[in-house]
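Chemist: Sequence:
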Amino acid sequence: MTNQLLQYHVINENKSWTEARLYCKDNKHTDLATVSSMADMNRLRQDLGNRKAWIGLQRKANGSRMWQWSQPDVQFNESQKDEWDTNEPNDNGIENCGTLNTDKKWADLSCNRTKPFICYDEKKQSHVIYANEAKNWTDAQSFCRDRHTDLISGPEQMKKLEGVLFPVSQNGFIFIGLFRDAWQWSDGSSFSFRFWNLKHDDEKTDSSCEALYYCRHHHHDLVTITNMDEQRWVQEKTKNASSPFVWTGLRYTCSLGFWFWVSDEVVRYKNWASPGQVNECDMSGAMETGGEHQWFKKHDEEKLNFFCFTP
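Under the working numbering, residues 1 to 311 are what the sequence shown spells out, in order.
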């Protein structure tokens, strides 16, 4: 499979990600595959069918989140920082997606919020398409890619907005193609193209904070368990887990001295293995994947599978 830049070779051998990368470099290939566009993605999908294969996307431990544009051929650079509104980006909570506010200045916002959005269509004369329907950022991106080119990306495309009026209420926001994550391509290229399969989040292993960041970026939040039915649902899902425990959305606040759900639900239903365990700072709640599926208090830095949910 080839395009003007890339040639892909599917290797039918099972290896870890690190072993696969070494194999590619030792056998006169450049690196694990970099996917720079939907055209690249479609070529890979056609050749792979239902099989799974490593690509060169990785997230290093403690990696810095970098702002990027949804359109892979549009680069983000620090000279664009003047476009941010005063005191933005403020990363209030975990805000990894970009918006326009009422002054048409940039502001960061949680990706799971639902807002109107602006698509860009390179084939239409006006180029700018305002979608007056609320979607989260990922769904908005999919909508724009399916029907147009992508979410509007970069200062040059933003110039097309001059003189355009949007029905945004006071303190309202509109999603644009600005996002940030800590993922990088192993060959060092800066392509921002992402095409996540969001059905397999429970196979991931991360610290509690990393899990929370991932769920809020791609879905809504870490899972909340407020009754026995929800407990049974998560128990069933743990059959596919590869770690002895899975993170839930339970957190302990050291300053106030109580447990809470990150979704703001009150902890009424409880299934602690031992309620008398010591409560310490930097602790979160995890469910055991075997036995009676009880809850245990774990330090945030432990690497465990986790569950996201979407309302």
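Hints are computed from structural coordinates only; laboratory data are not their basis.
Just so it is clear, the structure is predicted and the values come from calculations on it, not from any experiment.
Heads up, some of the hints might be wrong.
Capping the alpha-carbon separation at 30 Å, the derived lysine-lysine pairs in BS3-like fashion look like this [as the list claims (entries may be wrong)]: (1) Lys81 - Lys124; (2) Lys297 - Lys52; (3) Lys104 - Lys123; (4) Lys81 - Lys104; (5) Lys135 - Lys105; (6) Lys270 - Lys52; (7) Lys297 - Lys270; (8) Lys124 - Lys135.
Chemist: Tell me, which hint numbers fail for this structure?
Modeler: Hints 2 and 6 not satisfied by this model.
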